[in-house]
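So you can see what is in the structure, the chains are spelled out below.
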Amino acid sequence: MTTNHRTARAFAMKPLAAAVIAALAAGSALGEPLFYIPLTRGADMSRYNDNVVEAGVAYSDEDSFKFGEFTGMRKSEAYFIGNANLRMRPGNDGTYLNAFATNIGLPSYDLGGEYGRQGNWGINASWQQINRYQFDDTKFIHDGLGSNQLTLPAGFAGLAGQPPTQAAAVEPFLREYDVKQERGILKVGGKATLGSGFDFTISFRQDDRDGSKLVGAAMGNTGGNPRAVIVPYGLNDRTQQIEAALHWSSKDAQATLSYWYSKYDNSNSSFTWQNPYNIISGWVGASGFPTGYGRIGAMPSNDFQQIQLTGGWNVTPTTRLNGLVSYSLAKQNDAFLPYTINTADQTPGTSLSVPNALPRSSLDGEIQNTTVDLSLFSRPMPKVTVKASYRYQDRKNSTPEDVYAYVGGDTTNQDPVVNDSINSTRIRRNLPPGTKENRFKLDGDYALGRGAILRGWYQYQKIDYEKAADELRTDTTNNQFGAELRKVMGDGFTGAVRYVFDQRRGSDYDNSRPYEASFTSAVTTAQPIPDNIPTLRHYFVGDYDNNLIRVEGAWSPTEQLSLTARADWYKRDYKGPDCGGGNDQVLAPALFFPSQCLGRTEAVGESYTIDGSWVPMDGLNVFLFYTYSRFTTDQASRSWNNTTAQAVSEAQNWQSSLEYLDNTAGAGLRYTPAGKQWDMGAQYIYTDGTGKTSLTPGSALTATSVPDTSTRLDSLQLYGKYVVNKNVLLRFNYAYEKYRTRDWAFDNATPTSSNNVLLTGHQAPNYTANVFGVSVAYTGW
Amino acid sequence: MRFVRHGWIAAMQATVLAFGLAAAAHAQDTAKAAPKDLVLKGDAKCTRCHDESEDYPVLDIGKTRHGVIADARTPTCTSCHGESDRHINKPEGQKERPKPDRTFSKNSETPPEAQAGACLACHERSTAHQFWQGSAHDRSRISCSNCHTTHAARDQVLVRQTQAGVCFSCHKEQRAAMLRFSAHPLRTGQMACSSCHQPHGSTGDHNLIRTTINDTCYTCHAEKRGPFLHEHPPVREECTNCHNPHGTNNPPMLVARLPHLCQQCHIAPFHPSTLYSGSNLPPAAGADKMLGQSCANCHSQIHGSNHPSGQRFTR
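Residue numbers (my numbering), protein chains in the order written: chain A, 1 to 781; chain B, 1 to 315.
Mixed in with the good hints, there may be bad ones.
What the hints assert, rightly or not - The calculated lysine-lysine pairs, modelled on DSSO-like cross-linking and capped at a C-alpha distance of 27 Å, are:
#	chain 1	residue 1	chain 2	residue 2
1	B	LYS99	A	LYS383
2	A	LYS191	A	LYS251
3	A	LYS441	A	LYS396
4	B	LYS99	B	LYS36
5	A	LYS263	B	LYS224
6	A	LYS66	A	LYS139
7	A	LYS383	B	LYS106
8	A	LYS213	B	LYS224
9	A	LYS692	A	LYS571
10	A	LYS462	A	LYS383
11	B	LYS99	A	LYS487
12	B	LYS36	A	LYS331
13	A	LYS467	B	LYS224
14	B	LYS224	A	LYS396
15	A	LYS213	A	LYS396
16	B	LYS224	A	LYS187
By construction, these hints were calculated from the structure, which means they are not laboratory data. Please read these numbers as outputs of a predicted model, since none were measured by experiment.
Isolated chain B (complex conformation) (with noise of 0.2 Å):
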């Protein structure tokens, strides 16, 4: 084969040009006999048309959980795309050839919830889906297919290396935030959005996988669940009171830098209400409370201390 190209393009090409040389021998084939399914029981009703050759191939969904037809519950093209009688039969002296009954494209005119509720039909069984209806993304029109692509092998979202791309599609701040100095390796391919958060709905607020931001951070950070002896106020709140996940130039994710932050609660006499400038910062010597780990070099359980003599969080 001499030809070589790049993605979908390239399948999409190569078969065009093997179909080509096909042709014959398909024509033939088809003219003796009704077509045949080729990956999903009764798909041959849409397969005599659709194959590899169209701008969105098909024939990929043989390589996906939902092209195993020996799961009972694997369902065919018109469990999805509806029968599209009008479709498969042109009415005469149409023009163009309607569309089928539920399309996913971008600019489909199949509304959200009718593209949905084709998924919603067997995946609402399941207990990652129960809490779509209504949810923020449900509420937003989101389809489904925003987000995934049924029918190839391998779907950008659901690879935890490339998932990200497809949320930066609308939560653009995100993007920015995850190349900042202080972030998750989201970069890195280590983590997922979906490491934290629930995009088909949850009952946690933010879509998180669990029913607290501070028990979705715990999932990783267990040693700052505590309960501590001495509690710092808004750790136990919300972690988010002091850090920005997705990322920020102030390690570590602090949403402003110390001892300013600190300073927003703390206006107790002496060292921390006293106002910290520039003055003594290298070349100069001396800026004990600017420098470093600033309050936390002497501060350093700032998440709660267990320790009997913990109560300003220095041990």
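One chain only, chain A, in its complex shape (with noise of 0.2 Å):
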């Protein structure tokens, strides 16, 4: 074991230290579940004590990728069970060295160690190796898989019509092929006491990723002919950031000047992929099989840096000012990829159309960010408190703005001329959004007595957006109000019940503003109606009321049971009040449109808690939770075919309603008999979770049911251990997890199984797992 130098000549000194030491040893030597769930608080730390090492077996019964999903025991097969925890003090001067190795037996672990001496400097290295396996059970039809060039395999004749009517023509080449992520996180840091208040801190992250991910590959760009696969495409980008930071402090102010760079470079800078599709309507330039590709952009490199003032000073005992300075600038300026990828030029036997030049050769893409804060906090009177704060962020977009004549999919010839009098809706005008927020805050309590606190607070917030003839809307405002009463402190009882309403308001909503921004003024005139109906509101940026209420408590009627509740319900209410009025009918006057907003109408949140812990006997440890949620949100649409006739008839109205339930529930006992050389534990976890979709047409329209998706979790661990020695311990372990899922976007869905889209197979997960696991561990030297 590791104790401080003092610490072990006091004990060396003393005839009890002899049974600390054992004591400690003991402490550290016992059994916890083989996958650890964070569920409660009162977690067994014995693996990350001091001095453990741990080695082992486990076995796993099952093959599925979701079971392993992030571990990576996702085969049926024995894995090396390996943790260790290694603290050493080589010397009286506080001088540290420790290092640590998780799971280091699995796919996903991590190990690192740091060495320094404490209070003047320090260093740490780690790498932790995070993989997420996210598909075992997808089938496709390209070579190539997981690059970021996807062809064709020989013999492949191409798909003749909709993929339901080519299960022959497809299935012949589908090959498995899985879909994992590997993220590989190499961080380095140090740090160092400079004197006279200063510290210096600097950290460098590096996360490289490999692997694959799905997309969907589209030919064709409007909803009438499209064809699309979906595939993986190839993975291989690095992230690196570095912060360093220039601390400053004395007794009563600190201040930290902070820089933060990160750069995120991709090296692949697109995917392509051969077009199954044999040429169909409206494509041109021989873009389908044998000889059409598709292209799309991958994420493109950027980089971004941050330079921060944070400060606080006690301006009295009593009031504290906070405060935050800081500058951001983001940047993006990776080579555009032509228009397209099936021109001669480009791709042998293409002759797509592209007459204009892109109007530059990068995005010069630039975001800078300005934000200050500052918060002023004070006790004035032992019972009062209050917190003003403000808050301004000012994100400026300066990234340019040009035309672009798009070509459809990899499919259509580019529009030959491109001015705005072309009535032409592949002619867009980028539309780079810019916000800035002012917020102010003030925010006090009132110590009522008896430990209640009566607490009220007041927020206004307003957004402007930049370019504000580009934008829904130009500016939009929040008003909250919430209050609380909150009892703290003795008599075995804690709570509060909190109550917030939030409304949010702005200018006149318009729909008109970012259409015409980025359509040729030939196409708005032509077509009075935006793209979308004019009362649609986005709910990120249209009116709400919400209300919030919350109760919480806990109870610890005796040192042996704690019982705690939480409550917590929201209903948040899209239908503002300028809903069809001003701006709805300034738009488009000749048409009538309902009072009704469109988009998100409502959304309700609630979750409900009780959970307890109970200490019955000597050594007996239990714990109890359930918690049951649901999350709603209601829509309205409007189904039409760009047709006055169908814009303003509501029997081509729709709505739809989706609700999300969940019922969780966890359960767990811990049994260390007096006197014996064992100790074992259990825990439960049950979980269920459904989504309804409710559909109701208008007149004019039909709806077939949806069925319900389902998942359901029954996790059971039992675990315990056998000390051989005060030194070595042997760790039992049995985990049982059975998940069953059903999806209707997944279930019984063929490769085959869609218009326009070549699947992948997949089904919802389900599986049933055993793994059985024993491990020794030498600890408590």
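Relying on the hints, combine the two individually framed chains into one complex.
This is the structure we're talking about:
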């Protein structure tokens, strides 16, 4: 074991030292579940205690990516169990040397160490491997899977029709390919105390990602003639971050000047695939099979820098002023890809016409973000606290605007002439958004006595959109009022009741602004109804009234029993007062739009939890919890075909209500019988989730009911240990997990089940896993 | 040693036994000389009575950073608990010994701000804690000891794999969310709540480690940072417009299912505004807007596109 030098010396001089050492050794030699799931406090920390080395073997009987999604234990095979925590203080000057390794027998693991002298300097380094095993039942027809260039195999003859009619052409070429991502994270850091109140820290982090992700690769760009295939595209990118901070502190004031640089490098600039579909109506230039290719732009490399000054000052013993000023610059200037890959100079045999050059060779995208945050917190009287805060954030988007005459899905010719008088929806201007935010909050509370505190606050927030002429709204304003009654301290009971009302309003909502800013005037003149129906309100910028209630309490009637409960409920009503009036009528006076706003109309969230812990007898600890949660969103919409008749027809209306219900329960016990060399525990988790989709069609529409989605997890863990001697112990673990899911997006879908899209055949995952583990730990030296 | 116990109970009971065996010798020692410090400078004032037999063993502090006396900043017992003279010298006639000046137990009568004040006396100097006063947890009268176990060799909240269990003491909805189909890997210990949140207070909303929600997400998802030629407005506003980072049953952590989530903003003519229902789902065929990745079967670059032909997020 490791104690500080003086402690060890003290123990050596006293007879009780041996007992203490033995006791601490015993304390670090306890069993815990094989897969620790952080459900409650009071965790057994034995695996993370000082100077523990554990080795063993676990065997899983299940092949399932979902079971091993993040641990990597996804095959039916044996795995090495390896954990270590070494902590040394090799001197009496505060020098420390720590090292750790966690799950080193699994694909997802981490290890690292640190060395330094406490209060003077330190360095650290670690490596964490986080793998994600996503799909193990996906099938594809392309060659080059996992790369950024997919081709079709020899003998493939192309799809002559919709996928459901082409099973015979597809199935001989299907092959399974696992979709997974591997992320390796290297962290290196250091710190030094410079004296005179100054400290310096520096850290470096590098994330390397490899593997593949699924992407929908579509040819053709209108809803009428797309043909897509779901394929894995190769991931190979790196994110590097460095942060350096100079920190100064005195008794009453602190300040930190920091610099953060983040650089994202994608080794792939694009992803291409050979089009498996024969040419169809609307496609030109031999863009179909076998000559045609599609190309998607990969996420562009970019970089970000931020310089930030934070500080705090205890103005008086009861008043503190905090502040932050930061400026950041995000840039992206990857070379643009051509409008399409299917021109004769890039893909032999193809001949899409692209007469107009790109307006620029790269975006030169730039966003500058300036933030100022000030807060004054004070306890002017023993019973009163007050906090006033102000935040200013200017997100200035300097990305240049240009007109791009795009090629639809690598299958269409570009418009031959590009100017504002051309009635073509494929001539578009990019609209880089920027905002300015001002926020003020006043928050105060008063102690009523007997631990009761009454609190209230008001917050004002205004967001101005930088390019008002391009935005749905020129500004939005939030007003929030909150009140809370809280009981703290003593009597074994604490609790709180909170109510918050939050309202967003803003300038007139005008769907036509981004429409007119992005499309040519010839388009907006010819089609006065914007890209969306005028009474649509985007929920992230539209009006809403939000009511939130929270009740929570914790009661400990005895030292052995603790009960807590919490209830959260909120309802956000998006049906703002401006629906159907003002701009809606001005925009299209010849048309009638109903007063009901379209889009998300309401969201309700609620969650109720009870839990408790109990020590019914010495050596026995029990916990139990249950949570019910429900989240719903309602929306109103209108199905229309770009004709005025349908745009104004309430018979085309439809509504949906999406409801997500969850029940989660957990129970566990840990038993440590007196006078025995063993202990044991058990933990059970149950969770089920149901997703309901309710549709209400207008009289001109029809709808078939949508099946529920469901998930159910049963997880049982049994664990125990036997202590061989004070340094050696054996751990025994058994884990059972049963997972059942139903999902209409995947269940019974073959690769050719869908029109327009060649799917992967992936099914909603189910598994039943049994894992046995035994390990030996050496501890407490 | 024949005794083997579980956790602090084992440590306590083992020590009690050993203390019993050693009691005579210890008594002789103390009779001969004034108590000596065991771990910290000046701790004899406390350790002459308090030891590993406490419900809350005190000597483990020697295994923590707070037990390194070579560090000039290291406190002693009274730095946190106060001089506690009435506790040490119980007033005559008083039935129960008064508590120390500051206590940090579950039912402590020391006000939370006074508890926090003991820690802030040193820790407010650090960058991580300078925004504590007035922070959300401070306003809720959470004290440091509600989350931290100062005397333990290993503090649960400081270990990535176990930290969330402490946070879930209050944030119970997040515990349930973590267990849903699609969630960040907290359940398996690859991430912790503090990967995104700064519980001691920050200038960001929701106590996030960065000044905005998106900047916090970009720490690991920098590929979505852009700036893009074609920005998707709700993405640029906040990632949480579409995602619940604590977990949902709608992969990838979406707040609702596609295509209907997309259709809450997209009511353009033809397929964006079409009512999609359960018709033509398997074993029938054809429901291309419902199956697979739904809208993202074609609009796969939904976080933004830098392709000159990516206006519709298909490129």
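Comparing the hints with the structure gives:
Of the supplied pair hints, the one linking LYS99 of chain B and LYS383 of chain A holds, its CA atoms being roughly 23 Å apart against a limit of 27 Å. At roughly 21 Å between alpha-carbon atoms, LYS191 of chain A and LYS251 of chain A fall within 27 Å of each other, so this suggested pair holds. Taking the CA atoms of LYS441 of chain A and LYS396 of chain A, the gap is near 24 Å; set against the 27 Å cutoff, the hint holds. About 23 Å separates the Cα atoms of LYS99 of chain B and LYS36 of chain B, which keeps this hinted pair within 27 Å; it holds.
Distance check on the hinted pair: LYS263 of chain A and LYS224 of chain B sit about 12 Å apart at the alpha-carbon level, within 27 Å; holds. In summary, the hint linking LYS66 of chain A to LYS139 of chain A is supported, as the alpha carbons are separated by about 17 Å, within the 27 Å threshold. At most 27 Å may separate the alpha-carbon atoms for a hinted pair to count; LYS383 of chain A and LYS106 of chain B meet this at roughly 22 Å. With a C-alpha separation of about 14 Å, the suggested pairing of LYS213 of chain A with LYS224 of chain B holds against the 27 Å cut-off.
The straight-line distance between the Cα atoms of LYS692 of chain A and LYS571 of chain A is roughly 19 Å, inside the 27 Å bound, and the hint therefore holds. Note on LYS462 of chain A and LYS383 of chain A: the hinted pairing is violated, with a Cα-Cα distance of about 32 Å set against a maximum of 27 Å. This hinted pair checks out: LYS99 of chain B and LYS487 of chain A have alpha carbons roughly 22 Å apart, not beyond 27 Å. The suggested pairing of LYS36 of chain B with LYS331 of chain A is violated, with an alpha-carbon distance near 62 Å, which exceeds 27 Å.
As the CA atoms of LYS467 of chain A and LYS224 of chain B are separated by approximately 23 Å, the hinted pair is consistent with the 27 Å bound. Under the criterion of a C-alpha separation no larger than 27 Å, the hint pairing LYS224 of chain B with LYS396 of chain A is consistent with the structure, at around 18 Å. With a C-alpha separation of about 32 Å, the suggested pair LYS213 of chain A and LYS396 of chain A falls outside the 27 Å cut-off, and the hint is violated. For the proposed pair LYS224 of chain B and LYS187 of chain A, the alpha carbon gap of about 22 Å is at most 27 Å, so the pair holds.
In the structure shown, a violation is registered for the earlier hints numbered 10, 12, 15, in ascending order.
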